[in-house]
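Engineer: For what it's worth, my numbering labels the leading residue of the sequence shown as 688, then goes sequentially.
Worth flagging that the hints you see were computed from the coordinates, not collected in a lab.
Ideal Cβ positions, reconstructed from N, Cα and C, are used throughout, including at glycine.
Careful, some of the hints might be misleading.
[Claimed, not checked] 20 Å max Cα-Cα, derived DMTMM-like pairs, lysine to aspartate or glutamate:
hint, residue 1, residue 2
1, Lys-695, Asp-924
2, Lys-789, Asp-732
3, Lys-789, Glu-800
4, Lys-781, Glu-814
5, Lys-832, Glu-745
6, Lys-781, Glu-815
7, Lys-731, Glu-777
8, Lys-695, Asp-749
9, Lys-789, Asp-842
10, Lys-832, Asp-749
11, Lys-728, Glu-914
12, Lys-712, Glu-909
13, Lys-781, Glu-767
14, Lys-712, Asp-881
15, Lys-852, Glu-824
16, Lys-785, Glu-814
17, Lys-773, Asp-732
18, Lys-785, Glu-815
19, Lys-789, Glu-818
20, Lys-852, Asp-842
21, Lys-712, Asp-749
22, Lys-852, Glu-870
23, Lys-785, Asp-810
24, Lys-853, Asp-881
25, Lys-735, Glu-777
[Stated by the list, open to error] Between beta-carbon pairs, the in silico distance windows are:
hint, residue 1, residue 2, range
26, Ser-702, Asp-857, 41 to 51 Å
27, Lys-832, Arg-726, 33 to 43 Å
28, Asp-881, Val-858, 13 to 23 Å
29, Gly-880, Lys-695, 39 to 49 Å
30, Met-829, Thr-856, 28 to 38 Å
31, Glu-698, Lys-731, 29 to 39 Å
32, Glu-698, Thr-856, 48 to 58 Å
33, Lys-832, Arg-771, 27 to 37 Å
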Amino acid sequence: MKENFIYKIYEWYISRNLNPENMPKHIAIIMDGNRRYARLKGSKDVLKGHEVGADILENVLDWSIELGIDIVTVYAFSIENFNRSKHEVEGLMKLFVKNFKKLVTHERIHKNEVRVRAVGRIDLLPEEVREAISEAEESTKMYTKRAFNIAIGYDGRTEIVDSVKKIVTDVEDGKISIEDINEDLISQNLYTGDIVDPNLIIRTSGEERLSGFLLWQSSYSELYFCETLWPNIRRVDFLRAIRSYQERDRRFGV
Numbered sequence: 688m689k690e691n692f693i694y695k696i697y698e699w700y701i702s703r704n705l706n707p708e709n710m711p712k713h714i715a716i717i718m719d720g721n722r723r724y725a726r727l728k729g730s731k732d733v734l735k736g737h738e739v740g741a742d743i744l745e746n747v748l749d750w751s752i753e754l755g756i757d758i759v760t761v762y763a764f765s766i767e768n769f770n771r772s773k774h775e776v777e778g779l780m781k782l783f784v785k786n787f788k789k790l791v792t793h794e795r796i797h798k799n800e801v802r803v804r805a806v807g808r809i810d811l812l813p814e815e816v817r818e819a820i821s822e823a824e825e826s827t828k829m830y831t832k833r834a835f836n837i838a839i840g841y842d843g844r845t846e847i848v849d850s851v852k853k854i855v856t857d858v859e860d861g862k863i864s865i866e867d868i869n870e871d872l873i874s875q876n877l878y879t880g881d882i883v884d885p886n887l888i889i890r891t892s893g894e895e896r897l898s899g900f901l902l903w904q905s906s907y908s909e910l911y912f913c914e915t916l917w918p919n920i921r922r923v924d925f926l927r928a929i930r931s932y933q934e935r936d937r938r939f940g941v
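The task is simple: from the sequences and hints, build the whole structure.
Structural biologist: Okay, here's the thing in structure tokens:
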């Protein structure tokens with residue numbers, strides 16, 4: 688009880704010193720540490736960590752909305768993750784179906800007008816997952832106020848390759864010329880082509896790498912690495928990341 692009180696005071700202290708005018712518009716999160724969390728809790732089934740992690744994501748979305756952050760993109764499942772055990776992959780796919788369907792009627796998603804979208808090689812996913820994604824996207828497609836993007840079946844290099852392929856096709860079809868190809872055109876053809884690049888990328892669990900996440904889009908993103916495992920992340924951890932972002936002098940290469 689005493690520890691919780693201290694954290695509440697600390698949360699208040701950080702919150703009161705944040706600048707509402709300097710909030711990142713777009714935060715991207717690598718939600719790392721679910722499997723380690725399960726093992727530390729004594730569970731032999733890593734899916735237990737993923738289940739808790741999915742619940743924690745709702746809290747993070749709430750914190751983002753409270754702070755006025757318009758776009759949240761999370762790294763949920765990479766293409767490489769298909770190489771994990773059959774039990775874990777199948778369990779994750781069931782969890783994705785459950786949570787995408789939950790978003791269809793999620794009260795806070797609709798109250799706060801959050802558009803939900805999956806980004807990645809959706810064609811690699813099982814049919815039931817694709818259907819659940821489609822339902823979530825269809826139910827929120829009218830919203831323009833906020834965005835929640837889930838990177839699933841995702842890989843940053845694959846994304847860039849797919850962008851180049853689309854551009855090459857347009858050149859071959861005579862829609863554009865080679866001279867039209869520039870950074871903006873490549874950006875526009877990425878999975879995230881219609882949203883601004885992330886201002887801040889947060890990774891939990893202590894690992895300090897992007898693991899193929901938003902490789903093109905992260906060129907000028909601020910990076911924040913948090914020791915806390917994803918299922919253990921607290922509001923105070925999230926506030927620390929925002930505070931760190933606001934304390935930095937963003938030069939954009941200048």
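Engineer: Run every hint past the structure and note whether it holds.
Structural biologist: How the hints compare with the structure:
1. Lys-695 x Asp-924: holds (12 Å)
2. Lys-789 x Asp-732: Judged against 20 Å, a Cα distance of about 23 Å means the pair is violated.
3. Lys-789 x Glu-800: At roughly 15 Å apart (the allowed maximum being 20 Å), Glu-800 and Lys-789 satisfy the hint.
4. Lys-781 x Glu-814: Within the cut-off at roughly 11 Å; holds.
5. Lys-832 x Glu-745: Satisfied, since the Cα-Cα distance of roughly 18 Å is no more than 20 Å.
6. Lys-781 x Glu-815: holds (9 Å)
7. Lys-731 x Glu-777: holds (16 Å)
8. Lys-695 x Asp-749: holds (17 Å)
9. Lys-789 x Asp-842: Distance ~25 Å between Lys-789 and Asp-842 Cα, so the pair is violated.
10. Lys-832 x Asp-749: Within the cut-off at roughly 15 Å; holds.
11. Lys-728 x Glu-914: holds (17 Å)
12. Lys-712 x Glu-909: Satisfied, since the Cα-Cα distance of roughly 12 Å is no more than 20 Å.
13. Lys-781 x Glu-767: holds (18 Å)
14. Lys-712 x Asp-881: With a Cα-Cα distance of about 14 Å, the restraint between Lys-712 and Asp-881 holds, given a limit of 20 Å.
15. Lys-852 x Glu-824: violated (25 Å)
16. Lys-785 x Glu-814: holds (14 Å)
17. Lys-773 x Asp-732: With Cα atoms ~12 Å apart, Lys-773 and Asp-732 stay inside 20 Å; holds.
18. Lys-785 x Glu-815: Roughly 10 Å separates the two Cα atoms, so the pair holds.
19. Lys-789 x Glu-818: Judged against 20 Å, a Cα distance of about 13 Å means the pair holds.
20. Lys-852 x Asp-842: Between Lys-852 and Asp-842 the Cα gap is close to 15 Å, so the pair holds against 20 Å.
21. Lys-712 x Asp-749: This hinted pair holds, its Cα atoms lying about 15 Å apart.
22. Lys-852 x Glu-870: holds (15 Å)
23. Lys-785 x Asp-810: holds (19 Å)
24. Lys-853 x Asp-881: Holds, because 15 Å separates the two Cα atoms, which is no more than 20 Å.
25. Lys-735 x Glu-777: holds (13 Å)
26. Ser-702 x Asp-857: 41 to 51 Å: holds (47 Å)
27. Lys-832 x Arg-726: 33 to 43 Å: For Lys-832 and Arg-726 the Cβ distance comes to about 39 Å; the hint holds.
28. Asp-881 x Val-858: 13 to 23 Å: holds (21 Å)
29. Gly-880 x Lys-695: 39 to 49 Å: Between Gly-880 and Lys-695, where Cβ atoms are some 41 Å apart, the hint holds.
30. Met-829 x Thr-856: 28 to 38 Å: At roughly 30 Å between Cβ atoms, Thr-856 and Met-829 fall inside 28 to 38 Å, so the hint holds.
31. Glu-698 x Lys-731: 29 to 39 Å: holds (34 Å)
32. Glu-698 x Thr-856: 48 to 58 Å: holds (50 Å)
33. Lys-832 x Arg-771: 27 to 37 Å: Roughly 36 Å apart at Cβ, these two residues keep to the hinted range, so it holds.
Checked against the numbered hints given earlier, the structure breaks hints 2, 9, 15 and satisfies all the rest.
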